[in-house]
Amino acid sequence: DSGVTQTPKHLITATGQRVTLRCSPRSGDLSVYWYQQSLDQGLQFLIQYYNGEERAKGNILERFSAQQFPDLHSELNLSSLELGDSALYFCASSVGGAPNNEQFFGPGTRLTVL
Amino acid sequence: DQQVKQNSPSLSVQEGRISILNCDYTNSMFDYFLWYKKYPAEGPTFLISISSIKDKNEDGRFTVFLNKSAKHLSLHIVPSQPGDSAVYFCAASARGSNYKLTFGKGTLLTVNP
Chain A
584 DSGVTQTPKH LITATGQRVT LRCSPRSGDL SVYWYQQSLD QGLQFLIQYY
634 NGEERAKGNI LERFSAQQFP DLHSELNLSS LELGDSALYF CASSVGGAPN
684 NEQFFGPGTR LTVL
Chain B
-3 DQQVKQNSPS LSVQEGRISI LNCDYTNSMF DYFLWYKKYP AEGPTFLISI
47 SSIKDKNEDG RFTVFLNKSA KHLSLHIVPS QPGDSAVYFC AASARGSNYK
97 LTFGKGTLLT VNP
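Protein chains in written order, with my numbering: chain A, 584 to 697; chain B, -3 to 109.
Derived by calculation from the structure, the hints in this document are not laboratory data.
Any given hint could be a false lead.
What the hints assert, rightly or not - Straight-line distance between alpha carbons at most 27 Å, and here's what the computed DSS-like set of lysine-lysine pairs gives:
id, chain 1, residue 1, chain 2, residue 2
1, A, Lys640, B, Lys67
2, A, Lys640, B, Lys101
3, B, Lys64, B, Lys50
4, A, Lys592, B, Lys67
5, B, Lys101, B, Lys1
6, A, Lys640, B, Lys52
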């Protein structure tokens, strides 16, 4: 158990809908990262927050947004969902924002868009 | 453009033998490299890392080698155990990119008893 929790574990929804994925980092970790893992793809970095502020942005679509709240939990909002958004979404956390701060991953949320 | 490549989707080895997982990268700005292990239905777990100022880092049965001139790194597992069977991801980051990690597609390692 990494100490990072993600809810829900599974989500099935229809095209055009909007969903929110939630992540609670390990106690004491200030950084939260979101990744997407599609079929046959590696983990694609989406976005990073550090202590409530956006720190780095990756291949995140404009239909996607995220935020980190004062209690350091984070939410990833996916809107106008398309079939291609079906994927595993992982959240990770680390103490700081530098690469040698080991990232601890949650178990992921599997999103299925029908 | 795949900046981190793991060209072998799968690898099968016998228990007790050496497992060698390979990773190539194209971005010369990468200066920190990590290996993660992932079991089914779980998130990736950090395994070992190496900074570009080193060419080797060892942690128990796991050793990572970095060849900067060839833009190549490898993970050696000796001796391999059935519990090592998992997907292994290579990842890299660059100081100028705010340290975001770029992952390869992973290699499925199967260690046969």
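Problem set entry | Violations among the numbered hints, reported as their numbers in ascending order | 4 and 6
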